[in-house]
Structure formats: structure tokens, C-alpha cells
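Residues per chain, in single letters:
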Amino acid sequence: MAYKAKIRVTLRPSILDVQGKAAQHALANLGYTSVESVRIGKYMEVAIEEQTAEDAGRVCTEICQKLLSNPVMEDFTFELEPVN
Amino acid sequence: MADVTVGIVVFPGSNCDHDTEYAIASFPGVKPVMLWHNDHDLKGCDAVILPGGFSYGDYLRCGSIARFSPIMREVIEFARKGRPVLGICNGFQVLVESGLLEGALIRNTGKKFICRQSTIKVVNNGTIFTDGYRKDEVLRIPVAHGEGNYIASPETIESLEEHGQVVFRYTDENGNATEAANFNGSLGNIAGIVNRQGNVLGLMPHPERASEALLGSQDGRRLFESLFRHVTGA
Numbered sequence: 001m002a003y004k005a006k007i008r009v010t011l012r013p014s015i016l017d018v019q020g021k022a023a024q025h026a027l028a029n030l031g032y033t034s035v036e037s038v039r040i041g042k043y044m045e046v047a048i049e050e051q052t053a054e055d056a057g058r059v060c061t062e063i064c065q066k067l068l069s070n071p072v073m074e075d076f077t078f079e080l081e082p083v084n
Numbered sequence: 001m002a003d004v005t006v007g008i009v010v011f012p013g014s015n016c017d018h019d020t021e022y023a024i025a026s027f028p029g030v031k032p033v034m035l036w037h038n039d040h041d042l043k044g045c046d047a048v049i050l051p052g053g054f055s056y057g058d059y060l061r062c063g064s065i066a067r068f069s070p071i072m073r074e075v076i077e078f079a080r081k082g083r084p085v086l087g088i089c090n091g092f093q094v095l096v097e098s099g100l101l102e103g104a105l106i107r108n109t110g111k112k113f114i115c116r117q118s119t120i121k122v123v124n125n126g127t128i129f130t131d132g133y134r135k136d137e138v139l140r141i142p143v144a145h146g147e148g149n150y151i152a153s154p155e156t157i158e159s160l161e162e163h164g165q166v167v168f169r170y171t172d173e174n175g176n177a178t179e180a181a182n183f184n185g186s187l188g189n190i191a192g193i194v195n196r197q198g199n200v201l202g203l204m205p206h207p208e209r210a211s212e213a214l215l216g217s218q219d220g221r222r223l224f225e226s227l228f229r230h231v232t233g234a
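As you go down the protein sequences, you meet chains L and F in turn. Quick note on my numbering: the first sequence kicks off at 1 and runs consecutively. Quick note on my numbering: the second sequence kicks off at 1 and runs consecutively.
Next up, chain L with everything else stripped away, as it sits in the complex (with noise of 0.2 Å):
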């Protein structure tokens, strides 16, 4: 079965994020001074080719503590879906 993982990896919230906190300085100077704060995190779409979506959920998991995040400063999530 082929599977696509929805990733989001974002900065855990006691990390500063100054990327984006510049972005919140640039809305305010637009006039967007109700935009109290935004955080800036990662996207990535994963293809995984697994029998079982249990299996796919374990490599997501697998692949997002090793590689793609970094526990020391970053969470993540997953939606896994079927790709017909």
C-alpha cells in the first residue's frame, strides 16, 4: 500500500523562533497589529510503501525522531493517508 505522510515539525514552544518573530514585526509594520505572534515550523510530504498503515505510522515516527526533527528543540506530527 502506498501511503502519504503529512509531517509538521515546529519549533517547541520555549525555543525563540526569530524567524518568526520577524515575519510577526513585518505584519505589524503592514498594519496587522492584531497578529500577536507566529511560529514558523516545517511541512514535508512523505511517500511510504508499507503493507499496513500501522507500519507506515511506525516508519513516519521512526523517520521524524532520527532524521527529520530534533528532539532537543523540535515536535512533530503526522496524518497518514492512503494514495490510491
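These are computed hints drawn from the structure, not numbers from a lab. We treat Cβ as the ideally placed atom computed from N, Cα and C, and that holds for glycine. Nothing false has been slipped in among the hints.
Examples of chain L residues lying across from chain F (beta carbon under 8 Å, computed):
1. Ile15
2. Leu16
3. Val18
4. Gln19
5. Ala22
6. Leu67
7. Asn70
8. Val72
9. Met73
Guided by the hints, dock chain F onto chain L, whose structure is given.
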């Protein structure tokens, strides 16, 4: 000094590899050997240096792809055996990504890439990398990085401090770890740390760029000198 072979790992995107080669080749008896990222062989070297630069274009996170290159399997094994490994700048980022050192290096708080002379203090001169310095000696060694902001959990920081693993701190010229001297925002002004065993050092400043008078500072030389002296047992 007896002969020492020092491996310098070359990743695609490394750019301080030849500076490092040049700097260490000036020590009598020291033979630099370039180690390509796709190699599996450390070529019998006595110490390994991970140089600065932008390995794999800093894709994903600085050092994260380099950490899984074939040569790193050997470097990690080498380090686990207690052999000396030095990571400079991007090399430090590779070491934290590989888990040989704790913590992480994130974007400088001021967002900018910072390329300038820095002053750092030798907090621990009891390591194989720093025993050629005096304790609390202030060194002038340049930095050039966008992601040098050292972070770690409060427990990790506490443990690093407790075990003398903080080796260098950004300070002013008088050795005061002020906020102004901490240009990249690192926790505790941390510029360099060593692992618990004391054989793996990572630092953001570039000692190879402070290794001869023409460069404006020679303060980086004694780091290499200390390391080579320990490797030869002299």
C-alpha cells in the same frame, strides 16, 4: 613531537577544511589527512576534526544530514572508544546532531549571520584540548555563523556546568560573561563544550583562523598544540 595523523572530514559544503589543513600542517610532525564523507575508513588517524562550513547546504537543520554520512559512523565509533574528536562551527553542529555532544545550536537571536572577532574565556583548562591555556584566559578567536545559539534543557545545562563540560564562554575582553558579549544568544554564554569523557570538544569559534600572526591572533594554536601533545603522549 612524534608523528600525528589528523583526519579532517570533508562533507559537501565544508569550507574550512583546507584552512584547518593549513593551520595544523604548520605543527612539526603533524600530518593532515582529508577524509571524504563517503569513505568508511579513518585511514589510521590519531584524531579527527570536523571542520566548519555548510555541510549539505545546511539542509533540514545544520549538520543533520552530515551526521548520517558514511564517515560519521566511523567517527562516532572512534569517539565512543575515547579517541579525540574536535568539531569546529559546523563541526560542532554535526556533533550535537549526532548525539556525541548534548544540546542544539539554533539561529542567532539577532537573526544575522555573524562574522567577526570574538573574545572567549577558557572556563575549563583541564581538557586535552585546553590544557595549554591558563584558566580564565581570554582568547581572541573569530566566529562566522548564523546558527550558533547554544540551547539545551535546564537539566542539561546544570549537568554540563556541574561536570566542568562548559569549556569556553563568550566574554568581554576582561573575561566578564556579559549579555553584550553573548552576540548569538547562547544559554550561559556557552561557546564550546566537551563530552563527559572529555574526548569530544565542540566550539563555534574558529581556532584555525587564529593560528598565525598574519591573521591577527594566534590564540587558536594552543588548542591544536594541546590536542597533538596528548595524542602523542608527549
